[in-house]
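Build the complex from these two chains, which are given one at a time in their own frames, with help from the hints.
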Amino acid sequence: MLGFKTLTAPGVRSDHARPQDNTGTDMPVLLPFRAKHNKDGFFVHHGGRLFVDMKLRHGLMIFAVFALWGGAAEAAAKVGGLAWAMASLWEWTPFILKGFSLNILISVLAMLIGTIAGAALGLMQVSLLAPVRGSSWIVTQFFRNSPWLVLLFCVMLLFPFEIDLGFVVIPIPDWMKAVIGFSLPIMANISEVVRGAVISLPSGQWESAESLAFSRRQTMWMIILPQCIKRMVPPWINWYCILTMATPLCSIMGVEESVGHTVQAMNALGDRPELLAPFYFFLLFIHFIFTYPIARFSISLEKKFAVKI
Amino acid sequence: MLDIIGPFFKNLYDTTGWNFIMFYEQYEYDRFVDAMWVSVKLIVACLIFSLIVGFIGAWGQGAKSKILRLSIAGYIQFFRNTPPFIQLLVFYFVIGTLTPQVDMGGYNEAIIGSFGWAVIGMGFFAGAFNTEIFRSGIEAVPTSTVEAAEALGYSRMKSYIYIIFPLAFRVCLPALNNNLVNLLKTTTLAYGIAVPEMMYTANQIWSDNVNVPEMMIVLFIYYIGLVGILVWGMHRWEQKMRVPGYG
Numbered sequence: 028m029l030g031f032k033t034l035t036a037p038g039v040r041s042d043h044a045r046p047q048d049n050t051g052t053d054m055p056v057l058l059p060f061r062a063k064h065n066k067d068g069f070f071v072h073h074g075g076r077l078f079v080d081m082k083l084r085h086g087l088m089i090f091a092v093f094a095l096w097g098g099a100a101e102a103a104a105k106v107g108g109l110a111w112a113m114a115s116l117w118e119w120t121p122f123i124l125k126g127f128s129l130n131i132l133i134s135v136l137a138m139l140i141g142t143i144a145g146a147a148l149g150l151m152q153v154s155l156l157a158p159v160r161g162s163s164w165i166v167t168q169f170f171r172n173s174p175w176l177v178l179l180f181c182v183m184l185l186f187p188f189e190i191d192l193g194f195v196v197i198p199i200p201d202w203m204k205a206v207i208g209f210s211l212p213i214m215a216n217i218s219e220v221v222r223g224a225v226i227s228l229p230s231g232q233w234e235s236a237e238s239l240a241f242s243r244r245q246t247m248w249m250i251i252l253p254q255c256i257k258r259m260v261p262p263w264i265n266w267y268c269i270l271t272m273a274t275p276l277c278s279i280m281g282v283e284e285s286v287g288h289t290v291q292a293m294n295a296l297g298d299r300p301e302l303l304a305p306f307y308f309f310l311l312f313i314h315f316i317f318t319y320p321i322a323r324f325s326i327s328l329e330k331k332f333a334v335k336i
Numbered sequence: 018m019l020d021i022i023g024p025f026f027k028n029l030y031d032t033t034g035w036n037f038i039m040f041y042e043q044y045e046y047d048r049f050v051d052a053m054w055v056s057v058k059l060i061v062a063c064l065i066f067s068l069i070v071g072f073i074g075a076w077g078q079g080a081k082s083k084i085l086r087l088s089i090a091g092y093i094q095f096f097r098n099t100p101p102f103i104q105l106l107v108f109y110f111v112i113g114t115l116t117p118q119v120d121m122g123g124y125n126e127a128i129i130g131s132f133g134w135a136v137i138g139m140g141f142f143a144g145a146f147n148t149e150i151f152r153s154g155i156e157a158v159p160t161s162t163v164e165a166a167e168a169l170g171y172s173r174m175k176s177y178i179y180i181i182f183p184l185a186f187r188v189c190l191p192a193l194n195n196n197l198v199n200l201l202k203t204t205t206l207a208y209g210i211a212v213p214e215m216m217y218t219a220n221q222i223w224s225d226n227v228n229v230p231e232m233m234i235v236l237f238i239y240y241i242g243l244v245g246i247l248v249w250g251m252h253r254w255e256q257k258m259r260v261p262g263y264g
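Residue numbers (the working numbering), protein chains in the order written: chain X, 28 to 336; chain Y, 18 to 264.
The shape of chain Y in the complex, shown without the other chains (with noise of 0.2 angstroms):
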């Protein structure tokens, strides 16, 4: 790859002084796509991971135990009202100081490292809000489709997994998209805890070869490019799911 890119690139600082120098110098070539799949890593755990605890939460917002109920209430309304980036503090300065930690031959590592907890704490970050878009669309399921599949045999688990939830999936689909495409943006907060995703190694890279313009457009295009095929991928999806007559 570096083969092919390198010498246009090469030329183009001679010729023009715009330091690209990840794309013809091997080591900040291996720096700039490790941090790419870092990055890529660091946004698909967040998703899955904020996706399940909204799966969860709205199912556990249904509930008949009070303490569940408002547990969750609390849960949404204190993540979704404190700032982001002094949640993920707390996760792995306050939380992670006092998880267990390894030996690893020599030196002790916490279980885990800051990846884990930039996936916990923004996964719970988006995860409340997901469990609000959830809870939206399960009210938007007609209680006579909830009654009928009562009528069917249907437990309350059952009913959930197999009539509601994929109902109220499609319904919450658009506002699940802003949603994920707002995290996707947030996981650059991974950077205030050190986890070696693409914000922090442009960061290395102009602190080590003063390119900070274009390791900026650089990181403009990742960025955007990477919420243009979440948001083609949700699109897609969102056609292939949808009920004929039906929202």
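Only chain X is shown next, with the shape it has when bound in the complex (with noise of 0.2 angstroms):
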């Protein structure tokens, strides 16, 4: 320590060659590599978990802006006005949040749906068989091309609205069937992206395969398909983003989620036009606050995976 300073003249500044961390020596020596800030992103590394980035002041400035908006709607009681428009918001928001919980709900038995169809269309794609590939072709392209809305309204209105076995009749709600005209695009979809990752895994991993005189189903399942699960997940995930953005257009057919559930708030409170734009855009908010995290865990996931290859 002292030597390196001894050992410069005097009058020369080395301040800029002295390492500032704590590696324990101030001599001109190459420091082994260390990332600067483990974040990533909108994220924050700890401990091998994720966790979203926000300092204490953040979370302060978060309870802040909700303290207020309580205390408003506490002193607000005059009927008219922005100050009473977001009061009333204040008072529905936990009816909005129950509507949006049926939104996440019907995403997520959706996706669920969607997933497993969609795994077995795109295994069908990729299939040997002519007819087998050729059938599932034009069911994923017919449900792939065609607007979510007019496959959504052709689920809702050709559907029964109860089965009867005979011996018990299960009634369908409304939701269900939403569920199942939201599934349909999503199994079309997951399709592509299974078959895109299968076909985008180099060919010699199927030579090798076979040199090693594994089966055609050997390979798909022990070699091909645990390489491509890393492929498909961020677009699945992608996927279910597009998904959770579409679950509002159920409200048009009377089912009670996040949009139907504020309309229904407005009307009780009067249709009054100030409290148009409040309700709007704290339903925008809601459903940004949660996709945009999900999406950005897509990307992050998606620039890791990509390093690895």
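These are calculated hints, taken from the structure and not from any lab test. Among the clues, some could well be false.
Taking lysine-lysine pairs in the DSBU-like style, the calculated list, with each CA pair at most 30 angstroms apart, reads [as the list claims (entries may be wrong)]:
no. : chain 1 : residue 1 : chain 2 : residue 2
1   : Y       : Lys175    : Y       : Lys257
2   : Y       : Lys175    : Y       : Lys81
3   : X       : Lys330    : X       : Lys82
4   : X       : Lys82     : Y       : Lys83
5   : X       : Lys331    : Y       : Lys83
6   : X       : Lys330    : Y       : Lys83
7   : Y       : Lys257    : Y       : Lys58
8   : Y       : Lys83     : Y       : Lys27
9   : X       : Lys331    : X       : Lys257
10  : X       : Lys331    : X       : Lys82
11  : X       : Lys330    : Y       : Lys81
12  : X       : Lys257    : X       : Lys330
Encoded structure:
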């Protein structure tokens, strides 16, 4: 430490050459590489897990906004004006959030059904049998290229509202039909994701599996698909985001989700024009805070996987 | 037109019960043909508007001003991560009520009607994606090309218009193709704000005549046909614009 300083000619500043972090030396040595901060866009890694990157002050700010809003809600009792509209919004927030929970339920169930059906359809698309390949291709293209709203209308209007099994009658509520309506386009798109992932693997994987005497089924399940999973995860999450953003569509058919509940709340408050802006922007806001972190997560995952290939 | 196809569809209804009423009755036929044109106009207007938004947005993302870049990034994230249907409702019900009204002789009408708001709303929605697509294309243009343009005395604006964008456009055409197909399908959302396009009119026809399955078949054929035309056209365009030895 001292030796370094004495070696420097008097008057020459050597500060810039001195490492500032706690490596225990200020000798001009090449330090081992260490990433400056383990931030990954919107997220921060901590102990191997992902956290949303927020400081204490951000949390306090969010809390302050809600506290002020709640306070204003208590204060404004007179009907009319923006303050009243905000107060009403505060009052009706639980109701709107209840509607939003149905959005999430629909999206999760539709994703589940769509993924299972889509995986099967996608594997059919890489089949060796031409008729299987052709028919699954037609199904995929049909559901991929028709508008979501048309598919939704189709399922909502043409599906029975109950199924009679002879001994028991199973009612199918509207939101359940919406789940089926949304799972159809998801199925087709997941099918394309699966097909794309299988095709994107280098053909050497197939050839080396064959040279090791793997059967086609074994190659698929033990070699190709495990590698595909990693490639399929980011687009899969992306499709979940798109699906969640499409779920408000079913409010057109009278399913009581977030948009339906918002409109009902505004009706209950007398349909005053000053309600429109706060209520609709709040609706956008809750959808945004749900979707945005998932979308960022998908992007960070994509980056992470891209390096390792 | 009705004279030619009318008897066939009338006969089809009488013999099988398949009621394609808009192909043999004048009133429904007019309504149907109008809706077809409104839909096509809506789609073309949305496509053009979203391309303009994407072009300007991608240019702004490379600007020197930090405020401009940040606001465009905010615009993209906001429009990408919120439901397009609610965006449309916000445009029509919130911003639409704030725009000035025009006296149309006895009644007031907003300057921008539901058709206009549908174009603006969905244009901005698809424009956010187009901005990202164009930007990825611009990033794919080699820096040496940009430097060469600079060395030849092109200003930033001129090199963007004549050198960078034409090359970037060719790179991002496949992704753009995907997004435009998506936009075409999204235009059905205009149903939500009562634009008399295909989806809306089909709903009216099946409400009046109780022929849901028939109208569904027609809707599927119509939209898949339009997607087919768009994809075919884009593919032709892509091949026409291909620069030999580039990409």
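Hint-by-hint comparison with the structure:
1. With a C-alpha separation of about 24 angstroms, the suggested pairing of Y:Lys175 with Y:Lys257 holds against the 30 angstroms cut-off.
2. The straight-line distance between the Cα atoms of Y:Lys175 and Y:Lys81 is roughly 16 angstroms, inside the 30 angstroms bound, and the hint therefore holds.
3. Proximity of X:Lys330 to X:Lys82 is assessed by CA-CA distance (about 24 angstroms); at most 30 angstroms being required, the pair is judged to hold.
4. Note on X:Lys82 and Y:Lys83: the hinted pairing holds, with a Cα-Cα distance of about 24 angstroms set against a maximum of 30 angstroms.
5. Note on X:Lys331 and Y:Lys83: the hinted pairing holds, with a Cα-Cα distance of about 28 angstroms set against a maximum of 30 angstroms.
6. In summary, the hint linking X:Lys330 to Y:Lys83 is supported, as the alpha carbons are separated by about 25 angstroms, within the 30 angstroms threshold.
7. Simply put, Y:Lys257 and Y:Lys58 have alpha-carbon atoms about 25 angstroms apart, close enough for the 30 angstroms limit, and the pair holds.
8. For the suggested pair Y:Lys83 and Y:Lys27, the alpha carbons sit about 65 angstroms apart, so the restraint of at most 30 angstroms is broken.
9. Only pairs whose Cα atoms come within 30 angstroms are accepted, and X:Lys331 paired with X:Lys257 is accepted, the gap being roughly 11 angstroms.
10. Our distance criterion of 30 angstroms between C-alpha atoms is met by X:Lys331 and X:Lys82, whose separation comes to about 24 angstroms.
11. Simply put, X:Lys330 and Y:Lys81 have alpha-carbon atoms about 26 angstroms apart, close enough for the 30 angstroms limit, and the pair holds.
12. A hinted pair counts as satisfied when its Cα atoms are at most 30 angstroms apart, and X:Lys257 with X:Lys330 qualifies at roughly 12 angstroms.
In summary, the one numbered hint that this structure violates is 8.
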